[in-house]
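Enquirer: Below, each chain spelled out in residue letters.
2 protein chains.
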Amino acid sequence: MAKTKKGLVIVNTGDGKGKTTAALGLMLRAWGRGMRVCMLQFIKNEKARYGETKAALKLGLEIIATGDGFTWMSKDMDKTVARALHGWEIAKERISSGDYEIVILDEFTYPLHFEWLDVGEVITWLKENKPPMLHLVITGCKAPQELIDYADLVTEMKEIKHPHNDGVQAQPGVEF
Amino acid sequence: MAKTKKGLVIVNTGDGKGKTTAALGLMLRAWGRGMRVCMLQFIKNEKARYGETKAALKLGLEIIATGDGFTWMSKDMDKTVARALHGWEIAKERISSGDYEIVILDEFTYPLHFEWLDVGEVITWLKENKPPMLHLVITGCKAPQELIDYADLVTEMKEIKHPHNDGVQAQPGVEF
Chain F
5 MAKTKKGLVI VNTGDGKGKT TAALGLMLRA WGRGMRVCML QFIKNEKARY GETKAALKLG
65 LEIIATGDGF TWMSKDMDKT VARALHGWEI AKERISSGDY EIVILDEFTY PLHFEWLDVG
125 EVITWLKENK PPMLHLVITG CKAPQELIDY ADLVTEMKEI KHPHNDGVQA QPGVEF
Chain A
5 MAKTKKGLVI VNTGDGKGKT TAALGLMLRA WGRGMRVCML QFIKNEKARY GETKAALKLG
65 LEIIATGDGF TWMSKDMDKT VARALHGWEI AKERISSGDY EIVILDEFTY PLHFEWLDVG
125 EVITWLKENK PPMLHLVITG CKAPQELIDY ADLVTEMKEI KHPHNDGVQA QPGVEF
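Heads up: the protein sequence lines correspond to chains F and A, in order.
FYI, the numbering for the first sequence is 5 to 180, going by our numbering.
FYI, the numbering for the second sequence is 5 to 180, going by our numbering.
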């Protein structure tokens, strides 16, 4: 079978560490090659993103926060939903612009999982509008099955062992 | 229970993508915070490392190749073993130097899995010589159980779906 080149749809899901971190590593690799890449963060959390935000600023990488913190605990759910919808509008604009080689939608599985966005509509839009050579990376727990079916490359990050259970603090630079 | 701060031993293992890439993301985060970090690559593969090597050069990140390519296919196994042992000597020097906040041993599970290095001896050395605050990251398939028992944070990257099965080429910037 002849090998073809195409933009991949990559999903990093699962309950373990490394979903966003692997997307950042991919951003670093792409930056090393001079590729045009941006990350949209659907769950904004300034503290948790501190290390990568500082790195992004230094490197001129585009990381855009579209969410409003740990949204599943929000008391103002209408606003949360509105922001997720707004984030998806920004994402659509970036994806269809043709300005990027890689677009990363970080924690984008959450608005899909909570059905703030309809996964079927999102995939239909992507099938019609994603430039064929654009790589799209989506991270987050609980990726819906429809998204897995649509994706080319899916990895589950599975927690085997986690130090939070042993009374160890989250570590700057390592976990955020 | 009071939370303590300590250097974590982190293992990224499993048959899926993202083990090395998450370590690179962690390197990017740490670099963003101005932390001192180095990566030793036990399976040297210039092509596969191209994106991160270019990025590392641009950023001044220290990435050191200690291996000799896809060593499990080497016809000169004595040399392969000798290079892995040499790599571990470099690793010991970096780990015990006190010069780093994070040391990454990329694909280090291979010399352990193939028993070129004795995992018990490696862990005994680490217990005695790793500075308490140093974060140590080890990546690669088939992490031995003794290593998992020793580690604080273990994630299995599990392949759910991979495009190589569908006749799609490996993609520059994304997979290497």
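Take the hints with a grain of salt, since some may be wrong.
Chain copies aren't distinguished; within one or between two, either way the pair holds.
Quick list of in silico lysine-lysine cross-link-like pairs, PhoX-like style, CA-CA up to 20 Å [to be verified]:
| # | residue 1 | residue 2 |
| --- | --- | --- |
| 1 | K134 | K9 |
| 2 | K165 | K9 |
| 3 | K146 | K83 |
| 4 | K96 | K131 |
Quick caveat, the hints were computed from the structure, so don't treat them as lab data.
Quick caveat: nothing in here was measured; it's all calculated off a predicted structure.
Enquirer: For every hint, state whether the structure bears it out.
Expert: Here's how the hints hold up against the structure:
1. Proximity of K134 and K9 under a CA criterion of 20 Å is satisfied intra-copy only: 15 Å inside one chain copy versus 44 Å between copies.
2. Taking the closest pair of Cα atoms, K165 and K9 come within 20 Å of each other only across two copies (17 Å); inside a single copy the shortest separation is 37 Å, beyond that limit.
3. Neither within a single protomer nor between protomers do K146 and K83 lie at most 20 Å apart by alpha-carbon distance, with minima of 22 Å and 45 Å respectively.
4. In this assembly of identical chains, K96 and K131 lie within 20 Å of each other by CA distance solely inside one copy; the values are 12 Å within and 50 Å between copies.
Violation of the numbered hints given earlier is confined to hint 3; every other hint is satisfied by the structure.
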